[in-house]
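With chain A fixed as given, assemble chain B onto it according to the hints.
Going down the list, the protein sequences come from chains A and B.
One gets the working numbering by counting positions in the first sequence from 1 and adding 6 to each.
One gets the working numbering by counting positions in the second sequence from 1 and adding 6 to each.
Incorrect hints may appear among the rest.
If chains are identical, the list can't say which one is meant, so a pair holds when it fits in one copy or spans any two.
Said to hold, decoys possible - Listed next, the in silico DSBU-like pairs over lysine-lysine satisfying Cα-Cα at most 35 Å (straight line):
(1) 257 - 355
(2) 277 - 70
(3) 282 - 355
(4) 35 - 94
(5) 201 - 68
(6) 347 - 282
(7) 70 - 90
(8) 70 - 42
(9) 231 - 355
(10) 90 - 377
(11) 201 - 42
(12) 277 - 68
(13) 257 - 282
(14) 342 - 42
(15) 355 - 42
(16) 94 - 42
(17) 355 - 90
(18) 377 - 70
(19) 68 - 377
(20) 342 - 355
(21) 347 - 101
In case anyone wonders, no lab produced these hints; they're calculated from the structure.
Predicted model only: the values in this text are computed from it and were never measured.
Number of protein chains: 2
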Amino acid sequence: MSQNVLVVHGGGPTAVINASLYGVIEEAKRNPEVGKVYGAIGGTGAIFSETFLDLTSFEDDKLKLLLHTPASAIGSSRYPLYEKDYEKMAEIFRKYDIKYVLLNGGNGTMDACGHIYEVCRNLDIRVVGIPKTIDNDIAMTDHCPGYGSAARYIAASAQEVGEDIKSLPIHVCIMEAMGRNAGWITAASALARRKQGDAPHLIYLPERNFNETEFLEDVSRLYEKQGGVLVVVSEGLHNANGESIVPPIFKTERAVYYGDVSSHLANLVVKELGIKARSEKPGLCGRASVALQSPVDREEARMAGIQALRSAVEGKSGVMIGFERIPGDIYQIQPKLVPIKEVMLYERKMPDTYINERGNDVTEEFINWCKPLIGGDLPEFLNFRDYI
Amino acid sequence: MSQNVLVVHGGGPTAVINASLYGVIEEAKRNPEVGKVYGAIGGTGAIFSETFLDLTSFEDDKLKLLLHTPASAIGSSRYPLYEKDYEKMAEIFRKYDIKYVLLNGGNGTMDACGHIYEVCRNLDIRVVGIPKTIDNDIAMTDHCPGYGSAARYIAASAQEVGEDIKSLPIHVCIMEAMGRNAGWITAASALARRKQGDAPHLIYLPERNFNETEFLEDVSRLYEKQGGVLVVVSEGLHNANGESIVPPIFKTERAVYYGDVSSHLANLVVKELGIKARSEKPGLCGRASVALQSPVDREEARMAGIQALRSAVEGKSGVMIGFERIPGDIYQIQPKLVPIKEVMLYERKMPDTYINERGNDVTEEFINWCKPLIGGDLPEFLNFRDYI
Numbered sequence: 007m008s009q010n011v012l013v014v015h016g017g018g019p020t021a022v023i024n025a026s027l028y029g030v031i032e033e034a035k036r037n038p039e040v041g042k043v044y045g046a047i048g049g050t051g052a053i054f055s056e057t058f059l060d061l062t063s064f065e066d067d068k069l070k071l072l073l074h075t076p077a078s079a080i081g082s083s084r085y086p087l088y089e090k091d092y093e094k095m096a097e098i099f100r101k102y103d104i105k106y107v108l109l110n111g112g113n114g115t116m117d118a119c120g121h122i123y124e125v126c127r128n129l130d131i132r133v134v135g136i137p138k139t140i141d142n143d144i145a146m147t148d149h150c151p152g153y154g155s156a157a158r159y160i161a162a163s164a165q166e167v168g169e170d171i172k173s174l175p176i177h178v179c180i181m182e183a184m185g186r187n188a189g190w191i192t193a194a195s196a197l198a199r200r201k202q203g204d205a206p207h208l209i210y211l212p213e214r215n216f217n218e219t220e221f222l223e224d225v226s227r228l229y230e231k232q233g234g235v236l237v238v239v240s241e242g243l244h245n246a247n248g249e250s251i252v253p254p255i256f257k258t259e260r261a262v263y264y265g266d267v268s269s270h271l272a273n274l275v276v277k278e279l280g281i282k283a284r285s286e287k288p289g290l291c292g293r294a295s296v297a298l299q300s301p302v303d304r305e306e307a308r309m310a311g312i313q314a315l316r317s318a319v320e321g322k323s324g325v326m327i328g329f330e331r332i333p334g335d336i337y338q339i340q341p342k343l344v345p346i347k348e349v350m351l352y353e354r355k356m357p358d359t360y361i362n363e364r365g366n367d368v369t370e371e372f373i374n375w376c377k378p379l380i381g382g383d384l385p386e387f388l389n390f391r392d393y394i
Numbered sequence: 007m008s009q010n011v012l013v014v015h016g017g018g019p020t021a022v023i024n025a026s027l028y029g030v031i032e033e034a035k036r037n038p039e040v041g042k043v044y045g046a047i048g049g050t051g052a053i054f055s056e057t058f059l060d061l062t063s064f065e066d067d068k069l070k071l072l073l074h075t076p077a078s079a080i081g082s083s084r085y086p087l088y089e090k091d092y093e094k095m096a097e098i099f100r101k102y103d104i105k106y107v108l109l110n111g112g113n114g115t116m117d118a119c120g121h122i123y124e125v126c127r128n129l130d131i132r133v134v135g136i137p138k139t140i141d142n143d144i145a146m147t148d149h150c151p152g153y154g155s156a157a158r159y160i161a162a163s164a165q166e167v168g169e170d171i172k173s174l175p176i177h178v179c180i181m182e183a184m185g186r187n188a189g190w191i192t193a194a195s196a197l198a199r200r201k202q203g204d205a206p207h208l209i210y211l212p213e214r215n216f217n218e219t220e221f222l223e224d225v226s227r228l229y230e231k232q233g234g235v236l237v238v239v240s241e242g243l244h245n246a247n248g249e250s251i252v253p254p255i256f257k258t259e260r261a262v263y264y265g266d267v268s269s270h271l272a273n274l275v276v277k278e279l280g281i282k283a284r285s286e287k288p289g290l291c292g293r294a295s296v297a298l299q300s301p302v303d304r305e306e307a308r309m310a311g312i313q314a315l316r317s318a319v320e321g322k323s324g325v326m327i328g329f330e331r332i333p334g335d336i337y338q339i340q341p342k343l344v345p346i347k348e349v350m351l352y353e354r355k356m357p358d359t360y361i362n363e364r365g366n367d368v369t370e371e372f373i374n375w376c377k378p379l380i381g382g383d384l385p386e387f388l389n390f391r392d393y394i
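Okay, chain A solo, but in the shape it has when bound (with noise of 0.2 Å):
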């Protein structure tokens, strides 16, 4: 009987999430007791629909492609589970032969995995969780697949952004970077600077409360000084009451909506400063970017693919591959089996530690963990107003 595998995307993708299908589909291929990849083609939905696509039957050549197309090449969702639906799941998995179920994803697909990990421990069908976000807020690793390919686009959005506005320095320039909760990705912008001075001048992470006398006070004293002033915000930036910093704009009955923290704050400077003022909001184009992907987080992500169905196949289930950053001083991981219950829905943020006192910049202990995930040094540029 063969022994199929199963994988599901859960959740926004990444800029490597199809770098962790190839290591699965790749290990698959060099192993004679695992059958057919199958990929379930637009996340847990796809299992009840049972829209599987034989994944192992593409040419090599093919696949590669999946190191460098970003967004999911499966499909993923947002599908609510209940616990019926887990039931379910379990009889569809025994009609296709699949003794390993991949889930890829980040806090509430591993949740889901728990859930489905608990409907099959007796049926010998083996679940193991494959870590991926962009926000880097799962727990029990060191960092997540996703997260070095968003760091390395908003340090270099932020380095290039800098460039613009120390060329013509008329402007404070707001930057929002994605992170609702945790401010991992804003805080990576700091890996754009090379020397004292360099922009992004200013961070400000949803770990702290937003405060914004000091805000207008920061951004004041800086262009006196410099003109052109670059600031890196949260989109979740909220005041000490937990709400946000930006007024909803309307309400459905749904959802509040609000509109964008940085356009917010470029409003603000100007009406408070009467200082120029824009925003940038890069968006989806920060975890969608092929060219700013991060060539260690795609190794990472790969090898995390790999792993999880090498750990399928040797009896492990009810896990997640973690990351263990091996202590010295040059960069090296190792995976590692975390129990998925120690996972589920714990969201983690940055320490106290990896941000300064003011809270509004981070520390050199975090630029040190950092720097290694963007896989490699930004490009060097001349500019000529340094030689003067």
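Okay, now just chain B, sitting in the frame of chain A:
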């Protein structure tokens, strides 16, 4: 007596303006008739403060970084110029033995170029314009250095975000492109498509009056059919009265401030159609991206710098370097000299034949015109949804 060159940058930078600067310096180094190349550090204002740096004193290994450095390596400005300024400039040029004045910029800079030419014409000081704008709105040239890279950026971003939306088709996404009065950049997003149905699904240009009812009809129809929809819009969309489609947020004594077109339209989709929507506004990222420079654009920008100095040395003055496309199946251009007064302050918009009848897309004719400028095909992606 040495015959020096002065290079001045004006207005907003592009991803390849420094490639033109490199072209000037390399041409100067190989021409024994030419002395130093001074860079005016900080735009036209630097002429009056005599903030000049001798760029020929740098090693070529260092200077080559200019080809891959975004923004302006010598700085730029939006300093307004008056008649008495031009007279003063001529004195300073003589003080520094400057025989060749090269101004690199957009429409405003070409206007200044014309005025400087007037005061220098009897002094044997030659004045040549190098066109530069991401907006592609300079007249009398097939296209303009800086545009090809901005076009590649928006096309690649639309392709990547399109892939993201296709993989998790839960929302309408409105991406905002730069170019307030001319839709060239917005239009270039169409180059993201490889096959029927690919993103972007709708494109709205400032050459047409924006019709809200038709926009909502278009979005609604596509969302019904396919789920995720990517719309690319110009930052300068306006109604039939020429007013911005975004209501003013607040006014100061000097200016009226509007919100972003992209977030305005995303909010409209949520409110009027009850469909989840979000906005992306890469903004300055789109003119500063090194990773998405068009190699064709870079080489043409460099060539424009070389030609500008060469023409000045040959005795030309009061002209701008333009590009003429050589008819034929293979893309080729040749430089031409355009009298500066034919260029000054004329804003070039997209012709009617480049826009479809409903005003929600571009035509095949535009795509054929634009395609060679982005410098090679965008990457191929693998999406398994195409196989079911």
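Hints and how they fare:
{"no.": "1", "hint": "257 - 355", "verdict": "within (29 Å within a copy, 39 Å between copies)"}
{"no.": "2", "hint": "277 - 70", "verdict": "neither (51 Å within a copy, 42 Å between copies)"}
{"no.": "3", "hint": "282 - 355", "verdict": "both (33 Å within a copy, 27 Å between copies)"}
{"no.": "4", "hint": "35 - 94", "verdict": "within (29 Å within a copy, 75 Å between copies)"}
{"no.": "5", "hint": "201 - 68", "verdict": "between (43 Å within a copy, 18 Å between copies)"}
{"no.": "6", "hint": "347 - 282", "verdict": "between (50 Å within a copy, 32 Å between copies)"}
{"no.": "7", "hint": "70 - 90", "verdict": "neither (37 Å within a copy, 63 Å between copies)"}
{"no.": "8", "hint": "70 - 42", "verdict": "within (17 Å within a copy, 51 Å between copies)"}
{"no.": "9", "hint": "231 - 355", "verdict": "within (33 Å within a copy, 39 Å between copies)"}
{"no.": "10", "hint": "90 - 377", "verdict": "neither (44 Å within a copy, 52 Å between copies)"}
{"no.": "11", "hint": "201 - 42", "verdict": "between (51 Å within a copy, 29 Å between copies)"}
{"no.": "12", "hint": "277 - 68", "verdict": "neither (54 Å within a copy, 42 Å between copies)"}
{"no.": "13", "hint": "257 - 282", "verdict": "both (31 Å within a copy, 13 Å between copies)"}
{"no.": "14", "hint": "342 - 42", "verdict": "within (25 Å within a copy, 61 Å between copies)"}
{"no.": "15", "hint": "355 - 42", "verdict": "neither (38 Å within a copy, 55 Å between copies)"}
{"no.": "16", "hint": "94 - 42", "verdict": "within (21 Å within a copy, 78 Å between copies)"}
{"no.": "17", "hint": "355 - 90", "verdict": "within (33 Å within a copy, 59 Å between copies)"}
{"no.": "18", "hint": "377 - 70", "verdict": "both (27 Å within a copy, 26 Å between copies)"}
{"no.": "19", "hint": "68 - 377", "verdict": "both (32 Å within a copy, 25 Å between copies)"}
{"no.": "20", "hint": "342 - 355", "verdict": "within (21 Å within a copy, 58 Å between copies)"}
{"no.": "21", "hint": "347 - 101", "verdict": "within (27 Å within a copy, 77 Å between copies)"}
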